[in-house]
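J.: The lines below spell out each chain.
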Amino acid sequence: MKANVIIKLKSAVHDPQGETIGHALAGLEYDQVTSVRQGKIFELTLDVSSKEEAASMAREIAERVLSNPVLEVFEVEVED
Amino acid sequence: MILDEKLEAHNLTRDEYDTIVSKLGREPNDNELGLFSVMWSEHCSYKSSRVHLKRLPTKGPNVLQGPGENAGVVDIGEGLAAVFKVESHNHPSFIEPFQGAATGVGGIIRDIFTMGARPIALMNSLRFGPLSVAKNRSILRGAVAGIANYGNSMGIPTVGGEVVFEDSYNLNPLVNAFCLGIAPKERIFLAAAEGVGNPVFYVGAKTGKDGIHGATMASAEFDEAAEEKRPTVQVGDPFMEKLLLEACLELMESDALVAIQDMGAAGLTCSTCEMGARGGMGIEIDLDKVPKRETGMSAYEILLSESQERMLLVAHAGKEAKVEAIFDKWDLDASAIGRVTEDGLLRVIADGRTVASVPNRYLADEGPVYERALERPASFATQTEVHADDVDEPSDLGETLVQMLSSHTIASKHWIYEQYDHMVRSNTIVMPGSDAGVVRIKGTPMALAMCLDGNGRYASLDPYLGGASAVAESCRNLAAVGATPIGATNCLNFGNPEKPEIMWQFSQAVDGIRDACERFGVPITGGNVSFYNETEGVGIYPTPVIGVVGIIDDATKCVRHHFQQPGDLIYLLGETHDELGASEYLKAVHARIDGRPPRLDLDVEAALHGLMKDATSQRLLRSAHDLSDGGLGIAIAESLFGPLGETMGAAVAIEAPRRADGVLFSETQSRILASVAPESVDTLSALAERHGVPLSRIGVTGGERLDIQINGTHAISEMVATLRETWWTAIERGLSS
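Chains as they are written, first to last, in our numbering: chain W, 144 to 223; chain X, 3 to 739.
Here chain W stands alone, though its shape is the one from the complex (with noise of 0.2 Å):
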């Protein structure tokens, strides 16, 4: 089984990562591009036997060891 943690700073706290990426594009003429905010993604891969189960671990890991939640948010998907 397969969950994917997807993490990203919560809405207001500044990415200056992001916004050099977005400096980065305009620099190479990406005028469309407004905003651009980065995050990470973990793949796990579980030996479990059912989606719950995976996405309950998954989501108890993201919150205490991958995530900073003073920070970041995460979401979690899992794929069969």
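Source of the hints: derived by calculation from the structure; they are not laboratory data. Possibly wrong hints are sitting among the right ones.
Residues from chain X that face chain W, not an exhaustive set, calculated with beta carbons under 10 Å [as the list claims (entries may be wrong)]:
id	residue
1	His93
2	Ile97
3	Phe100
4	Ala207
5	Asp212
6	Ile214
7	Thr234
8	Val237
9	Glu368
10	Val371
11	Tyr372
12	Glu373
13	Ser509
14	Thr537
Derived pair list, reagent style DSS-like, types lysine-lysine, alpha-carbon separation capped at 25 Å [claimed, not checked]:
id	chain 1	residue 1	chain 2	residue 2
15	X	Lys321	W	Lys151
16	X	Lys208	W	Lys183
17	X	Lys589	X	Lys137
18	X	Lys137	W	Lys153
19	X	Lys321	X	Lys244
20	W	Lys151	X	Lys589
Since the structure is predicted, the reported quantities are computational estimates derived from the model, not experimental observations. C-beta atoms are modelled at their ideal positions from N, C-alpha and C, and glycine is treated no differently.
With chain W held as given, fit chain X onto it using these hints.
T.: Below, chain X without anything else, positioned relative to chain W:
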């Protein structure tokens, strides 16, 4: 929202509100209430501390700028000035250690280059709870990584500081950051807005909802998820700050600039009204012209945002294009957001309407001043002196020394300072891990020495002594490297000032700092007060931290703390008394935190500094090391360990009318351990006699062992390599527990 709730959310009392109403002659609107809330906060107004801080000596022949500006400025000769300050970032470093500590460093760096100085050195004073608690380990790792990230990215060396571990800082770490810069003496910039009609520029990063104060939480107007309603942690961007630094210094070389101030706590509000008030002028700003990171920000949020890496400046009318061209070159935004007016008001425009209009001086200068109640805690009177005979004598002093060297407060901090770039700019002469950091001033024969010191345990048991001893130890550290102190900055970390016992501690500590600074002729040129350092109603140790800066006229006369050559004679400068109260020995070996801290005789201390000044300028000392935590035993051990892993043994024999543990671990003040080439001994003895400083020969350097005899009896015999290994690895071992 009813008024009481609104006031609570803004941390204003009913009396303070009534004062605002009577000053304005009307009720403030919500934006104005926000302005008063931040400007009249303890952090910005110093309302509890101001009456006490007035007692500190702030003037001296070399002081070019005392407290009240972004940083203090001291003349160092050769047409140059040193600009320096220390500031706390304690609470943010607990909430989010990495970003909290990083933005603390960023903030203090801005304070320095705002004055026109190029930052050349950083230090930090860090205090954590014991490493046996997992949360403290993660706070330490995060804070250190954050400091390294910001300072290293900016290309400014971190040359020293201190790291202390005590239960009292459990879940309430102290992160005090220091920065020093150098500027041409004739070109210091101040933050007073002048010249009606001059344009006001906003430069640097865009404004987001960073760190907007807690009041917005209670306004209940957001509909995002609950967690997002909390004030947003500030995230630093050191590369942006590097651009801002270079752009500002370039602008200062031009003739376009009138005044400049960084946006720190209380952001746009604070910088605008303070600049206006200092120049006796008004400032009008249009929030529609403020560069914003996100859409839909209210006037209230824009005014109170604490987004990092932003500056406000006043330029000469007609030079706008020059300002814009310089910032454009560095790829930064510079927006003219307003102008200087003559009416003395901070007038804020949004959507073409005036949304706030308040006299600058009400906000910046006329905040409340409290003479809060003081009460000496009952526990103070019960502290008595502790002597060696009051504790069990250790059976094996070698083992005791190992135990002391493993104490995280004493152990090597290399795991921490090796994460900091301490050599960048290639001026660092004495690296972290020594008594003081020393940096060369390129183009001159001089060097500047600096150190940060404090002892919260002493201050908790006797706050007056804690304050005075912090100054004495800092000046002694500078004396040990051969520097003469020229100015000091302080960071006063205390609990809740509304408690009379805390306020008494504060007042006592200020008195101690005053007396010591006056005796040593070292003015305080600025600093910061951090109150409300409490967890679950229990305050931290009162912790005054003192940063002192000194000059070494000839950088080649700088003295190292470790033994240099075998066959040199080891001398103790100063006298040892049986003083174990409040000592590291009592805590680490006997698990006792009590007793009167060691006495401090300011005249004895000053005589020692005088001797050191003459001895170092005549190059009589091969090494010199200040005695502090752990006393003579620890000073001897540390002198065996060079910064690059080199070691040297010593054979020591001491005669003293007391027990061996009292000799080795007493923390009597006003002492320095030195090693001296045999041919310099006579000159040194004569000098010591002239200064009235007792001098005792206690041993000779050389070999691979540390052998100590006390009163003819063998006390310690250990391999130096074994001792060093213990001392070197203790913090790493603590972190992996």
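J.: Does each hint fit the structure? Answer for all of them.
T.: Going down the list of hints, with the structure as the test:
Taken as an interface hint, His93 of chain X does not check out: its beta carbon lies about 13 Å from the nearest beta carbon of chain W, beyond 10 Å. A least Cβ separation of about 6 Å between Ile97 of chain X and chain W falls short of the 10 Å threshold, and the interface hint therefore holds. Because the smallest distance between the Cβ of Phe100 of chain X and any Cβ of chain W comes to about 9 Å, under 10 Å, the interface hint for this residue holds. Of the supplied interface hints, the one on Ala207 of chain X holds, with its beta-carbon coming within about 8 Å of a beta-carbon of chain W, less than 10 Å.
Hint on Asp212 of chain X holds. Least Cβ distance to chain W is approximately 6 Å, under the 10 Å limit. With a least beta-carbon distance of about 9 Å to chain W, the hint placing Ile214 of chain X at the interface is held under the 10 Å criterion. Of the supplied interface hints, the one on Thr234 of chain X holds, with its beta-carbon coming within about 5 Å of a beta-carbon of chain W, less than 10 Å. About 4 Å separates the beta-carbon of Val237 of chain X from the nearest beta-carbon of chain W, less than 10 Å, and the hint is met.
Among the interface hints, the one on Glu368 of chain X is violated; its C-beta lies about 33 Å from the nearest C-beta in chain W, farther than the 10 Å criterion. Because the smallest distance between the Cβ of Val371 of chain X and any Cβ of chain W comes to about 35 Å, over 10 Å, the interface hint for this residue is violated. Hint on Tyr372 of chain X is violated. Least Cβ distance to chain W is approximately 33 Å, over the 10 Å limit. Annotation: interface hint on Glu373 of chain X violated; nearest CB of chain W at approximately 38 Å, more than 10 Å.
For the restraint placing Ser509 of chain X at the interface with chain W, the shortest Cβ-Cβ distance is roughly 36 Å, beyond the 10 Å limit, so the hint is violated. Evaluation of the Thr537 of chain X hint against chain W yields a violated restraint, the C-beta minimum of about 17 Å exceeding 10 Å. Proximity of Lys321 of chain X to Lys151 of chain W is assessed by CA-CA distance (about 42 Å); at most 25 Å being required, the pair is judged violated. Our distance criterion of 25 Å between C-alpha atoms is met by Lys208 of chain X and Lys183 of chain W, whose separation comes to about 24 Å.
Of the pairs offered as hints, the one joining Lys589 of chain X and Lys137 of chain X holds, with about 22 Å between alpha carbons and a cut-off of 25 Å not exceeded. Restraint check for Lys137 of chain X and Lys153 of chain W: the C-alpha separation of about 23 Å stays at or below 25 Å, so the hint holds. For the given pair, Lys321 of chain X sits about 24 Å from Lys244 of chain X by alpha-carbon distance, which is consistent with the 25 Å threshold. A threshold of 25 Å between alpha carbons decides the hint, and for Lys151 of chain W with Lys589 of chain X the separation of about 45 Å lies outside it, so the pair is violated.
The structure fails to meet hints 1, 9, 10, 11, 12, 13, 14, 15 and 20 from the earlier list, while all remaining hints are met.
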